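> Chains as they are written, first to last, in my numbering: chain A, 16 to 209; chain B, 132 to 248.
Think of the hints as simulated: they come from the structure by calculation, not from any bench.
Everything numeric in this text was worked out from a predicted model, so none of it was measured.
Built from N, CA and C at the ideal position, the CB exists for glycine as well.
Some hints here could point you the wrong way.
[Stated by the list, open to error] So, partial list: chain B residues that the calculated Cβ filter (under 8 Å) puts toward chain A:
| id | residue |
| --- | --- |
| 1 | Gly156 |
| 2 | Glu171 |
| 3 | Tyr175 |
| 4 | Pro176 |
| 5 | Arg197 |
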Amino acid sequence: MNRNEFLKELEKRLLYIPTEDRQDALEYYDEYIKDMGLGEEEDVIAKLGTPKDVARNIIDDCTQKHIEQTKENKTFKGKATVIWLSLLGILSLPLSLPLGIAILALAIAFVITVLAICFALFVSSLACTISGVVIFVFSFFVPGIGQKVLTLGAGLALAGLGLLLGLLIITIVRSVLNRIFRRNRIAKEEMINE
Amino acid sequence: MTYQLTAPLLDACVLGIVRHEDSYGYTLTQKARQIVDISESTLYPVLRRLQKSGYLTTYDEPYQGRNRRYYTITDSGRNILSYYEKEWIIYKTKIDELISDSETVPLLEEGGSDEQE
Chain A
16 MNRNEFLKEL EKRLLYIPTE DRQDALEYYD EYIKDMGLGE EEDVIAKLGT
66 PKDVARNIID DCTQKHIEQT KENKTFKGKA TVIWLSLLGI LSLPLSLPLG
116 IAILALAIAF VITVLAICFA LFVSSLACTI SGVVIFVFSF FVPGIGQKVL
166 TLGAGLALAG LGLLLGLLII TIVRSVLNRI FRRNRIAKEE MINE
Chain B
132 MTYQLTAPLL DACVLGIVRH EDSYGYTLTQ KARQIVDISE STLYPVLRRL
182 QKSGYLTTYD EPYQGRNRRY YTITDSGRNI LSYYEKEWII YKTKIDELIS
232 DSETVPLLEE GGSDEQE
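Isolated chain B, as found in the complex:
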């Protein structure tokens, strides 16, 4: 993958996956890996962080004589996710404007960057 994933974007991706259905560590990782280039051990710290911030909670469900830990999104998780979503759309639109082929290149504000050095 050409573009790097930053921590908030990774948080947003995980929350986005869990928004639709509760998942456990392995499927979560596999779902994320279908789209973004991360290693198998990337998500553990992310999940811990989101859990600690109160965006995710967990519950255990028995599966084949052992427990599986499911992650589920909380209300504050949904809030932060909608914030991330808005931020992402703004960012994406700006980047699109910059790199797209169209003529509507945004003008720099007066006294902008050409004063540097």
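For reference, chain A alone in the conformation it holds in the complex:
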């Protein structure tokens, strides 16, 4: 890989960092390779390393820099940049970036789906309970002892079912949340211990 190819590849890998940082890095390495005194067509990777390694070095540093900046002035944009750069650091190659975004989107979709299901079940349980109570009250105004008993029973059964369902969902959600938070707490404690 000669100088031009190297720089093009490096630029591709730095496409997602701030323009100013990218420009500076490209200028530095352009100058650096020229100073290495190689011919126009000579390979630069043997001495300099692959564009991937060089890019990773730059992205890591860039992330660090923005984390420090964000600590100083807590702007939303700064935080977003840090998250964005961290993501870049993890993915590192531009090729896997769209793939990573797809996986992230999938994960978010999954979480939203689970939340929606929980919410739906909760609403149904609420509806069950309310309609059960309504039917229970309604049973006093129905003519005939047979009908009274039927609606009374139906109302009570429906309300009971709704309450049970609600209780079940609340228990499940709480235990899941507990587990997540406990894991976080353990992770934090481990970090402090280290």
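Please build the complex by placing chain B on the supplied structure of chain A, with the hints as guidance.
Positioned in the frame of chain A, the structure of chain B alone reads:
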């Protein structure tokens, strides 16, 4: 090289090189590489960091129809370098005391490390 170079030590090395004469990226790297085991791409982030902290500034000088970016040390760069130098001498002396063959092994303070576990 047996011993690892940490970030502040690397900063100190770069500042130490630039203290004597302004240099550009390539010669800086080569000078450092004569002594410490670093890759060709190690110094770019270091230079950026030092520049951002105000310890180094740059100026461009034309060379064979293109520009060469020279790094030069600032006053605060000299200050931090003398701090690094002092710290290094203290550290070096302590390590020497620990590993050297002489009998003057520093005594542990009372109630020191033997209380662990």
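> Confirm or reject each hint.
Results for each hint:
no.	hint	verdict
1	Gly156	holds (5 Å)
2	Glu171	holds (5 Å)
3	Tyr175	holds (6 Å)
4	Pro176	holds (4 Å)
5	Arg197	holds (7 Å)
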